[in-house]
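**Q** Taken in sequence, the protein lines are chains X and B.
Heads up, the first sequence is in this note's numbering, so the first residue is 102 and it goes up one at a time.
Heads up, the second sequence is in this note's numbering, so the first residue is 33 and it goes up one at a time.
Simulated from the structure, these hints should not be mistaken for lab results.
It should be emphasised that the depicted structure is a prediction, and the values quoted were computed from it without experimental measurement.
Hints may contain errors.
[Stated by the list, open to error] Which chain X residues face chain B? A few, computed with CB under 8 angstroms, are given here:
(1) 224
(2) 226
(3) 323
(4) 330
(5) 355
(6) 367
(7) 376
Note that CB positions come from ideal geometry on N, CA and C, so glycine has one too.
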Amino acid sequence: MSGPGYGLRAPGALEAIESSARPRPRRVGAGRIASWIIFLAGVTYFILPLITTIAFSLRLQPFGQAYRNVINQDPQFASSLIYSGFIGIVTIVISVLLIVPTAYWVRLRLPRVRPYVEFVTLLPFVIPPVILVFALLRAFSGGPLPLTTSDEGLNVMVVGAYVILSFPYMYRAIDSGLRAIDIRTLTEAAQSMGAGWGRILWAVILPNLRVALISGAFLTLAIVIGEFTIASFLVRPAFGPYLSLLGHDRAFEPAAVSIISFGLTWMAMGIIALLGRGSRQSVQVAGAR
Amino acid sequence: MTVAPSAATAQGALPARPGRRFSWAWLGVVPFFVFAALFMILPVGVLLAGSFEDAVTGAPTIQNYIDLTEPNIVEAYGTSIEISLVTAIVGGFFGFLLAYAVILGGLPRILRTLLMTFSGVASNFAGVPLALAFTFTLGFQGLVTKFLADSLGIDLYGKAIGFSLYTKLGLEIVYLYFQFPLMVLIMAPAIDGLRKEWREASENLGASPREYWQHVALPILTPTLLGTMILLFGNSFGAQATAYQLTSGSIPLVTLLISNQISGDVFHNIGLGYAMAMGMVVIMAIAIGIYSRLQRTSERWLRS
């Protein structure tokens, strides 16, 4: 609790000083109006493309026909969404399995390795997706690991690339999650009850990281589902390439699918925002640009 | 709680093993590094090595880097850098104003929550759907284009204005859609981190609001501002999907040139492709390097 000095002050003294400072003359006027103008200009810029896209998607008569067309009559819509969702989930599982033990271990036993881990998790910012996929295609199109020759191999490559893209967000989310809990004490407590490392991670650390894991997972999902560059160069039947093709071929359906895609992103981010109340927003830089 | 028991458990539970210097603890991080090596570091190493080789004979050469001075490649780098600079500066400036307006501008608090949540979504709304959304808005057949033409008689694509979404300017307008929100997301906590005490102290010393901003707030925020703008630069420098969807490659950008190189339908000098990729990585590395350095500087002030 507080040191002895604080207890000795006159009761209410600080509060009195604070409240005396509070009634600052409020500058209503130019500043406030300017703020409103800036805000409304920003809102207009942000909202206009969404409104027009919605309007465009509803133009095909009867009402909602563009949505019915893609959802009921275009099997590729569902299959590409399912494919991307599945790849996203595999990506998240592998990313969590790699990052949680690493971040935990670095905090607990290997603080000296931290700069190297942080450096590696920053690298996806330095290597844009188009370069990453270029590199992967070159590295695995022959040699000891010819992954480009089979569908399975290409799936491995796309998951590998997405796990790499997820590193910055996953690591940051999990590392700040670990900072918030006392892993040392938790580990000691678990050890003194006879738990091994696997059990400590699974039954003690993971449940305590729930919020961090979910926000890292949904951010990853949002990136993976709309990703275009890597998926298209690896010829994957994913959602991004599907939407791109649709955009070249049709008029109203792409608007409908864009709105669905925006809705999915909104949902993922909404869940993160709900969970992460008060904590710092994580920031996305790599991914589907 | 007293101190002694926790110290005792710490000693008991975590074996310090005095006398055994070598530790197997590093094995715990091996899977992570192996994965990163397999799917990122080694493949990029292949590009790096290839960039110093003759594509046909495999002999070591720096010809690929000399070839980067070919006019179309210089143009592509120039265009990419220009678009990135413009969107970083414009996005940074207005993003900062927007963050400032909702935090310190006396707007209702709910607007701030709204803007922050929306920014989280919008910074992720990029690539193909973003390009499509702008096509529906400001494209040749876009609804805003049509509205301006039909109701106000303003023909955006006409000779007088000569606007087109499928040009550099158009691409910049589209890129700003993910640049603003990123700026807002990073600047908002920084503006929040300006302590009330600093403002009060300067007011007590007789500073006007303008002097407070000029001598206190802005100098504190400058590293964050600059750093974030550099991050925005990298953000659009590496972008590919948006530009590809919007322009189908009609604007020369480095990412699109590399894309052509990958699909192999423009010029078949793969060594040159490697060199172009490495050029991008170097520029990104410089940008991210400066960013993380500046961020460390700003964290000293804005610890919250």
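**Q** For every hint, state whether the structure bears it out.
**A** Evaluated hints:
A hinted interface residue such as residue 224(X) counts as satisfied when its beta carbon comes closer than 8 angstroms to some beta carbon of chain B; here the least separation is about 6 angstroms, so the hint holds. With its C-beta approaching chain B no nearer than about 5 angstroms, residue 226(X) sits inside the 8 angstroms limit, and its interface hint holds. Here the hint on residue 323(X) is kept, as its CB sits about 5 angstroms from the closest CB of chain B, short of 8 angstroms. Checking residue 330(X) against chain B by beta carbon gives a least distance of about 5 angstroms; that is within 8 angstroms, so the hint holds.
Evaluation of the residue 355(X) hint against chain B yields a held restraint, the C-beta minimum of about 5 angstroms falling below 8 angstroms. A hinted interface residue such as residue 367(X) counts as satisfied when its beta carbon comes closer than 8 angstroms to some beta carbon of chain B; here the least separation is about 5 angstroms, so the hint holds. For residue 376(X), the interface hint is violated, since its Cβ never comes within 8 angstroms of a Cβ in chain B; the closest pair sits about 12 angstroms apart.
Comparing the model with each numbered hint stated earlier shows that hint 7 is the single one that does not hold.
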